[in-house]
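What follows is the residue order along each chain.
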Amino acid sequence: AQTVTQSQPEMSVQEAETVTLSCTYDTSESDYYLFWYKQPPSRQMILVIRQEAYKQQNATENRFSVNFQKAAKSFSLKISDSQLGDAAMYFCAYRSAGGTSYGKLTFGQGTILTVHP
Amino acid sequence: NAGVTQTPKFRVLKTGQSMTLLCAQDMNHEYMYWYRQDPGMGLRLIHYSVGEGTTAKGEVPDGYNVSRLKKQNFLLGLESAAPSQTSVYFCASSIRTDGNQPQHFGDGTRLSIL
Numbered sequence: 001a002q003t004v005t006q007s008q009p010e011m012s013v014q015e016a017e018t019v020t021l022s023c024t025y026d027t028s029e030s031d032y033y034l035f036w037y038k039q040p041p042s043r044q045m046i047l048v049i050r051q052e053a054y055k056q057q058n059a060t061e062n063r064f065s066v067n068f069q070k071a072a073k074s075f076s077l078k079i080s081d082s083q084l085g086d087a088a089m090y091f092c093a094y095r096s097a098g099g100t101s102y103g104k105l106t107f108g109q110g111t112i113l114t115v116h117p
Numbered sequence: 118n119a120g121v122t123q124t125p126k127f128r129v130l131k132t133g134q135s136m137t138l139l140c141a142q143d144m145n146h147e148y149m150y151w152y153r154q155d156p157g158m159g160l161r162l163i164h165y166s167v168g169e170g171t172t173a174k175g176e177v178p179d180g181y182n183v184s185r186l187k188k189q190n191f192l193l194g195l196e197s198a199a200p201s202q203t204s205v206y207f208c209a210s211s212i213r214t215d216g217n218q219p220q221h222f223g224d225g226t227r228l229s230i231l
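Quick mapping for you: the protein sequence lines, in order, are chains S and L. Residue numbering for the first sequence follows this note's numbering, beginning at 1 and increasing consecutively. Residue numbering for the second sequence follows this note's numbering, beginning at 118 and increasing consecutively.
Treat the hints with care, as some may be off.
From the structure, some residues in chain S lie toward chain L, with a derived Cβ separation under 7 angstroms [unchecked claim]:
(1) LYS55
(2) SER82
(3) ASP86
(4) PHE91
(5) GLY108
(6) ILE112
Keep in mind that the hints were calculated from the coordinates and are not lab data. We treat Cβ as the ideally placed atom computed from N, Cα and C, and that holds for glycine.
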């Protein structure tokens, strides 16, 4: 079974600065997908960014980018130019690529990000 | 755009009571999921369904039952609620795909068992 570990229970950043959230995972599979979800106090689960394991290029979505290191099984999220609205719980999630996985996600424990003005 | 709708949003139960959480999606998704979220543990899969009339166990299925009589609805039942089931419950759905299509989540149900 796959496991996902977020070793930083809490992180903080100054507005306009850059912060990196860590995520590591354990799997014996070669093909899979990785996701970062954001959960603000409203409790919504919002997709931030996704990465296909077969792609070497790191995914980028505006101020959000990832550092995907397949050999090290690491998938960190970098938030540039942090904004107050980025304050939330962030979850890293893993999904097998095989059809029998049925799209099930395995989540990390979450990292609470605080943004200071 | 309703997406995934969960009912109710909050509920307080006494130990031993039963209840059903309703999840409805209007995106014609084949796959549906129920997760629970507990502090320090992220979201854990309770049960899931890959189509109408089918259900399967996830990581933490004990104490819960599910049904998917209609494609758009996925019900989560607690037959005899226990304090350990105090949690926030999320329903999600996705299309049938081997690709990177994400799950779409409801806004959660906060359930407290006294």
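Hints and how they fare:
no., hint, in the structure
1, LYS55, "violated, 10 angstroms"
2, SER82, "violated, 23 angstroms"
3, ASP86, "violated, 19 angstroms"
4, PHE91, "holds, 6 angstroms"
5, GLY108, "holds, 5 angstroms"
6, ILE112, "violated, 10 angstroms"
When held up to the earlier numbered hints, the structure conflicts with 1, 2, 3 and 6 and fits the remainder.
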